[in-house]
Amino acid sequence: MMNLDAFWIIVTGSLVAMCCSLLGCFLILRRMAMVGDAISHAVLPGIVLAFLFSGTREVWSMLLGAATLGVACTFLIEFLHKKARVQSDASIGVTFTWLFALGIILISVYAGKVDLDQDCVLYGEIAYVPLDVWFTESGQSLGPRTVWLMSGVFLLILTFVTLFYRQLYLTSFDPAFAVAIGVSTSVWYYLLMGAVSLTTVAAFESVGAILVVAFLVGPPATAYLLTDDLKKMLLISSGLGVVASFLGFYLALWLDGSVAGAISVIIGLEFLLAFVLSPSHGLISRNRKLSKVASA
Amino acid sequence: MNTLWEFLSMQDANVRFVTIGSVLLAASSAVVGCFTVLRKRALVGDAVAHAVLPGVCLAFLLTGQKNPIIMLLGSFITGWLAVVVMDIITSKSRIKEDTAIGLVLSVFFGIGILLLTAIQHSGNEQQSGLDKFLFGSAAALVGQDLYTFGAVALLLLLSVVLLYKEFKLISFDTNYARTIGLPVKRLELLLTTLTVLAVVVGIQSVGVVLMSAMLITPAAAARFWTDRLGAMVIIAAAMSAVCGAAGAFVSFTAPAMPTGPWIVMLLSLLAIMSFLLAPSKGLLSRFLSQRRVRRQMLRENILKTLFHLGEPTGEYQQSYSKTQILARRQLPLRRMQTQLQTLSRQGFVVKDTQGWALTPAGKKEAQRVVRLHRLWELYLTEYLQVASDHVHEDAESIEHVLTPELEKRLEELLDYPTADPHKTTIPQQTS
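Quick note, the sequences are listed as chains H and X, same order. Letter by letter, the first sequence follows residues 246 to 541 of our numbering. Letter by letter, the second sequence follows residues 10 to 440 of our numbering.
Everything labelled a hint here was simulated from the structure, so no lab data went into it. Heads up, a few of these hints could be off.
In silico lysine-lysine, BS3-like type, Cα no more than 27 Å apart, as pairs [said to hold, decoys possible]: (1) H:K534 / X:K101; (2) H:K477 / X:K101; (3) X:K177 / X:K194; (4) X:K290 / X:K174; (5) H:K476 / X:K174; (6) X:K105 / H:K537.
One side of the interface only, derived from the structure: several residues of chain H facing chain X at Cβ under 10 Å [as the list claims (entries may be wrong)]: (7) S386; (8) A466; (9) D501.
Glycine included, every Cβ here is placed at the ideal spot set by N, Cα and C.
Same shape as in the complex, but just chain H (with noise of 0.2 Å):
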């Protein structure tokens, strides 16, 4: 039973998967899982903010809005931590939560003139992305809006990914080493962020933050259990994504329920098998080598 809204939200969760998955896989290499969390609710004021501004729910501006937003996140981070040195996780805390308080006072203030709700933010609706369809002036439907921002945001990722694997790469393994040979770990680190901003945001209206935070980290934590090598990471976490996305299509479809949970609840259960039964890093081979250690 796959039509075609079926087919579209897939590939909606699919794109939004890989994006998430490309960079989620630094992100944690990093040890920086939770700042995209904290962009993900970062970017609330900004939303707000650009609808008041331009009076319209307009994907560009929205995106503008958001973006800038979750880029001075990151710097407020960085700030609190290294100049004011504020512990590192506090710092995280602090600024998400303080960003994400302004959001919903500024909701509250303009809540007639701004149609969204903290519903729709925190866990924003993937089962209506067939809904919005981008018609051309001859009056042709080109398929949903949200498959093509997302398309052109994987496109971005991946060109960026493929281009400057070396630089992010030595910058998350080795900064040390990358600083003496002239790659600095700051601007990689805007870049990244920079990177994670732009996901969030373009993925925040048709799936939610909630999701988005699930493929940052958990596909990436998955494949992280199932090999040592990062290309191989990457691409295992990309498809991980795509199946994941795939069965909570249709787990969500069987429950009648939020597709956005359903994805999640697949990520989780596909992180639980590798968790036990993952040959390299598994609970059962890592028990097994153990034993064999002790009867030696």
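Following the hints, position chain X against chain H.
Here is chain X on its own, set in the frame of chain H:
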């Protein structure tokens, strides 16, 4: 003024509930938050807050009603389970803590969303308002909530007071706590349980996302005002209580304004001010003291240069023009002007038509700095076997911070030397 009086008198029962509830919640989560932040587990609260949702939904699915006690129990169980799962993931695999937090957070919340939407679509009439758990609403507090808040707040505060010493130890020095025979594992579990409890209760009034702010923000702010845990806990609780009341006041004057976000907004502003302005640890005070040290160093370097210029002839109080000074040593010219003026105010240098000259007091001061420099060079070559052509840089920075006590010890150690490694005379102390 009238509004403020009306608010403070608490005639209105609703105002009373919201205010007292907010203050209790804010203060008790701040107290627990101090320990979570010190144990570098600040973001665990965020994961717990998200993990509450499936518990609420399951409690509703199992009982079919919205009994607040059962819902609290449900959310407590899944919130607690989330922490256990996080611990298992980090201890049994190569996944790092932050990744485990993000994973547990999104997967538990995803399960919750799936259940919630499935319940909503099932056509059960009872379910409406279930999602209020997600976003919280302090304004909707009623008398019964206040009793729950009060009881939980009391429980949290009492546990912290009774086990203060133990919690302090496991937050700062787990290994030591273990050696003196404390049940570290059980205490950690108890602290986690208290955190989960604070989160579970707090969510109803401020919502999932802002709950982590109630734990983290006051603790992070208080950390900047003190180094003592006791003071930190009290400052955090006081800040939170004030912001709790102020948040309630804002939504009292403007009913459209949500209480929770305003509490967090005020707390954040207070925290950011603390980061910038707190004495000794704040950004501004560190900046000022760094500038003070830099200027002091510049002044001492000027004196030293004048001393060096006089050394070949022994005419220390001769005056030198700025070009002569700069030829001997590169100094930042623009800043030098103001420092020369400060020095002359302090009576260390005098200005005449040809330039600047050391006064007797200035000569003594310069001599002290030069002495320290050469003593340190000697110490490095004699005791640390550093080659004599490598010691200058190091002495250049240490000379400004050596205390008279250290100076004395250095002299004793080096047996009252008269010449440094470059065979230049070490000026003796003239008292």
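Cross-check of the supplied hints:
1. H:K534 / X:K101: holds (13 Å)
2. H:K477 / X:K101: The given pair, whose Cα atoms are some 23 Å apart, holds under the 27 Å limit.
3. X:K177 / X:K194: holds (14 Å)
4. X:K290 / X:K174: OK: X:K290 and X:K174 at ~25 Å, within 27 Å.
5. H:K476 / X:K174: violated (49 Å)
6. X:K105 / H:K537: Given that 27 Å is the threshold and the Cα spacing comes to 25 Å, the pair holds.
7. S386: Because about 28 Å separates H:S386 from the closest Cβ in chain X, which is outside the 10 Å limit, the hint is violated.
8. A466: holds (5 Å)
9. D501: holds (5 Å)
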